[in-house]
Amino acid sequence: MLNRSVVPHVILGGLLLTALARGVEAQACFGLAPRGGVAYENIRYSVGTGHAVNAGVAAGHVALGGSARVVRINDVADGYEGGIRIAGIIPISRVQLCPGIGVNYRHDDWVTRQNATLATDQLALRAGAGIGMEQPIYKGFSLIPSVGVHYQFDVYKFDVKSTSANEITTTGDTVSRVAIDYGLVARYRFLYVGVSAARFSDAQGIRPSVARYIIGFAFGNSSPKRRED
Amino acid sequence: MLQRSRRIMVLMAIATGAAGLSACVLQVFDPCPENDHIEDVGQLDQTWILSTVNNAPLPYSYPFKSEIINAVTIDFQTDNFERGGECADTRKTFGRAIMRAVITKNGSPSLKYAAGRFFRDHGTNSSRLFALGYQLQLDRNSPTGTIITATSSTAIADDGSAAFLIDPGLTLRFVRTVGPTDLTLFIKLLPQVCTVSVGVPSTGALSC
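Line by line, the protein sequences are chains Y and F. For the first sequence, numbering that gives the first Met the number 0 assigns the number 0 to the initial residue and increments by one for each residue that follows. For the second sequence, numbering that gives the first Met the number 0 assigns the number 0 to the initial residue and increments by one for each residue that follows.
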C-alpha cells in the first residue's frame, strides 16, 4: 500500500537540498545544526508512521529549509507530504531567533468501508518564529534545543471516488490554528541525533500529535567553540 | 550530622525531581502510536447506518422532493489522537468522515457521496463534525447537544448530493454496525440552532 513511487522523490529532494549546502550559517531554530544539515527522520504519529528527509541551509541572515515525507496511517491510508520554509535569522548571542513563513502540502489516499476511495489534499500555510541555540557540553559534543510557534492555515479538499460509478465528488474545508514545534538534538562533530515533536496550541494533554526521531549530518565542520572565536 | 541528613534530603529531592522531569520529557516526545487501537466507547470509528428518517423506517420518501432515501451510511476513521500523560488517557480524536447515500430520484437510482473531517472531545463527551457540508456538536452525557452551524456551505458536495441532509425538519437516526450495540447517533439538521443527541433511543430527545 505504501506509495513507493514517492520514495525516489523524497531522496532526490534531500540530495538537492544537500547540494545547496554552501554558505550555511544557522539552522538551530529548526532543530538542525547551526550551520544546517540534512537528516533522516523516523516519524511516529499518534496514528501511523512515516519516513522523511529534512534539510536546511542558510546564507547570511536568511535560512531555507525543506522536508519530504511518506506517511502510512496504519491500514487505512497512505500519503506523502512536502514543505519548504524561509526564515530570517536574528542572532542574539548564542541564540538564534528566526521569524519566517512556510508552506506544506500533503496528500493521502484512504481505504474506506463505503465502496469508494477518498483522496485528501491539505495545503498548510504557516507564519511564525522559531528560536534555538547550540550549547557546547564537552569536547565537540553539544546540545541544540529549539522551539517554534506558527500560525497555520489549512485548506482541505476531499475527493470521494465511487468504485462502481467511477464518479468523483469534491468537498472542502478550512481551519486555522497555532502549531508548536519543539525538539532537542545532540551533536558530535558532523553527526547529530535527536527528537522533535509537534502539537497544536489548543491540544489537550501533554502528548504530541507527532514525534520525529532524527539522525543527520551537520553541514560545515566548525564546532561551537570555534564559532565563538 | 544534621548537615549530612539535610544534604541527603536535598539529593533525594533533586533525584525525585529529575525522575519526574525525565518522565515528563519522555511523554512530551511520545504520541503513543502503539495504542491507536484502544477501544473507546466515545470513539466514532466504524460505519453508522441510517435506520430511520423522521422516525419513519427506510426507504423514506422525501416529502418535498421527488427523492426516496433507500440507504445512508457514514464511515468515521480516526487519524489523530490527543492524549494526556497516560497513553490510554484519550482527550480528543480527529479523523475523516465519508457519507454514502443510495437514493432514488425521479425513478432512477443514484449513489451520492460526501466527505469531511471531524473531531471528538472526550473530556466533554462532545463531538463536532465538519463533515458532509455541516458542522454539528453531539453530547453523549446529556441527551441533547447543539448544532453549531447547519447551513449550506462550500463544503457541500458541488452537485448538491448532500443537500437533503440539511433540509429543515429532517431527523436522521444512525446505528453503529460494530462496537457498543446501545450506541445510536441522532442527527437532527435544521437551519437554526437545535438539538441533537447520541444515546439509546429512549433518551434521545430531539427538539429545537
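Derived by calculation from the structure, the hints in this document are not laboratory data. Please note that a few of the clues may not be correct.
[What the hints assert, rightly or not] Stretch by stretch, here's where chain F covers chain Y in the computed footprint (C-beta under 8 Å, at least three residues):
1) 78-91
2) 94-105
3) 114-128
4) 139-146
5) 199-209
Positions of the beta carbon are idealized from the N, C-alpha and C atoms, including for glycine.
Checked hints:
{"no.": "1", "hint": "78-91", "in the structure": "violated (count 0)"}
{"no.": "2", "hint": "94-105", "in the structure": "violated (count 0)"}
{"no.": "3", "hint": "114-128", "in the structure": "holds (count 4)"}
{"no.": "4", "hint": "139-146", "in the structure": "violated (count 0)"}
{"no.": "5", "hint": "199-209", "in the structure": "holds (count 8)"}
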